[in-house]
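Given chain W, put chain L in place with the hints provided.
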Amino acid sequence: MASANSEPGSNERQRVRPRRQLNLRNSTEDSVIVLGSTDCIDLTTDNNSDDIIDMTPQNMGLMDLPVVVLTPTDYVGPTRNRRGSGRRGRHRSSTRRNRRNNRSLEASPTQSHPVVYLTDESDVELPDLVNQPGQSPAANSSILQSPENVSIVCPICMDDTRQMRRNHKELKATTCGHIFCNVCIETAIRMQHQCPTCRKRLTLRSVHPLFI
Amino acid sequence: MSGLPRRIIKETQRLMAEPVSGITAVPDEHNSRYFHVVVAGPSQSPYEGGLFKLELFLPEEYPMSAPKVRFMTKIYHPNIDKLGRICLDILKDKWSPALQIRTVLLSIQALLSAPNPDDPLDNNVADHWKSNEKSAIDQARQWTQTYAKSNMNNH
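Protein sequence lines, in the order shown, are assigned to chains W and L.
The first sequence: position 94 = 94 (full-length UniProt numbering), numbered continuously.
The second sequence: position 6 = 6 (full-length UniProt numbering), numbered continuously.
Looking at chain W on its own, in the form it has when it is part of the complex:
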């Protein structure tokens, strides 16, 4: 009990610790990659071969991406830490002291210039960068599967998702879990007040949009 009470006090001390006192060594332990004059960022520190992202200019189609390469003089300190994702992966094994540092970092004000920090957790945002046309987004195919690949047909008008889009219809699901286009399910509910598939009683409010 007593030791548990003393814990918040020490946390407090960590939180009010001025940012300038942060030493960079701790941050690099957290896998924040600070780069010098090179313009190539290699994320292979993770050793996950499928996550290798080559960000050299010739491979990056868009030059207006908000990537700022930091030199040591520019470096002020990390302003952002993905706490949610930090709970999984390597951070789980990081020391208590590092975690406290992370908490204090979150409280610090954000920088005015666009800074992208590449940490070992950067997979959260970087898939957008690799999903350039011409490159095979194999790693992301399951997440980014387009509706064209999913065959969903309204059982009333028999339009599939592509035809629905062409006819300016939307996909809707009932509270009982059945899928229709908005036009058909609304007409059906007005006429019969029940689900065309399972006959459960429905009102127009029992239907919600479905995004796939």
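It is worth saying that the hints were derived from the structure and are not from the lab.
Among the hints, a few may not be true.
Simulated pairs of lysine to aspartate or glutamate, EDC-like, Cα-Cα distance not exceeding 20 angstroms [what the hints assert, rightly or not]: (1) K200/W to D93/L; (2) K10/L to D160/W; (3) K134/L to D118/L; (4) K200/W to D118/L.
If you only want the chain L side, here are some residues facing chain W, beta carbon under 7 angstroms, derived [said to hold, decoys possible]: (5) R7; (6) K10; (7) P42; (8) M64; (9) P67; (10) S96; (11) A98.
To give a feel for the contact side, a few chain L residues facing chain W, derived at Cβ under 8 angstroms [stated by the list, open to error]: (12) R6; (13) P63; (14) P97.
In this text, a Cβ means the ideal position worked out from N, Cα and C, and glycines have one as well.
Quick look at chain L alone, frame taken from chain W:
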């Protein structure tokens, strides 16, 4: 016919491409909403060996309202009257727009396998069925031989 809903076109195509066993449904050449249907009498029923001609019409409101179906071939069945009208809930109040021509015809085929004299359309036939089932089934078998054999001109 102009303005034929895509659903009717799709259903027709699928009926042709993947016909239901024991059932044929062909659209009329002059009216895409009118189908010439032939249902084979189910095995182990008094209608076995018979070919029953039906007409099926998709009203303007289809699929929001049920198709109109009628037996053209004479049949001895407690739920089908002299005029060929069918007593089947999904063709009346239990219709759902998720049902199709295919499912309706399958239900009619099932009705031939399982006559329901407790919900009759033709009272005479139903009474016969309830009072003497064996005699009624014999009668149905006889009508099948007389009216539903391969000569499809029977009415």
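Notebook entry, point to check: How about P97/L: closest beta carbon in chain W under 8 angstroms, or not?
Noted result: Check passed: Cβ of P97/L comes within 5 angstroms of chain W, closer than 8 angstroms.
Notebook entry, point to check: Does the structure keep K200/W and D93/L at a Cα separation of 20 angstroms or less?
Noted result: holds, 15 angstroms
Notebook entry, point to check: Should the hint that P42/L touches chain W count as held when the rule is a Cβ pair under 7 angstroms?
Noted result: violated, 26 angstroms
Checklist line | Interface hint outcome for M64/L [beta carbon to chain W under 7 angstroms] | finding: holds, 6 angstroms
Next item on the list: Identify whether the interface hint at R7/L stands, where standing means a beta carbon of chain W within less than 7 angstroms of its own.
Entry: OK, holds: R7/L within 7 angstroms of chain W, min 5 angstroms.
Margin query: Min Cβ distance, A98/L to chain W: is it shorter than 7 angstroms?
Written below: Hint on A98/L: holds, closest Cβ of chain W at ~4 angstroms, below 7 angstroms.
Next item on the list: Sort out whether D160/W lies within 20 angstroms of K10/L, counting only the CA atoms.
Entry: holds, 12 angstroms
Next item on the list: Please work out if K134/L and D118/L have their alpha carbons no farther apart than 20 angstroms.
Entry: holds, 16 angstroms
Checklist line | Hinted contact R6/L with chain W - closest CB pair below 8 angstroms | finding: holds, 7 angstroms
Next item on the list: Report holds or violated for the interface hint on P67/L, using the least CB-CB distance to chain W and a cut-off of 7 angstroms.
Entry: violated, 14 angstroms
Item checked: Pair hint outcome, K200/W versus D118/L [Cα-Cα no greater than 20 angstroms] -> violated, 27 angstroms
Check: Does the nearest C-beta of chain W fall within a distance shorter than 7 angstroms of the C-beta of S96/L?
Finding: The hint holds - S96/L has a Cβ within 7 angstroms of chain W, the shortest such distance being about 5 angstroms.
The structure fails hints 4, 7 and 9 (numbered hints given earlier, in ascending order).
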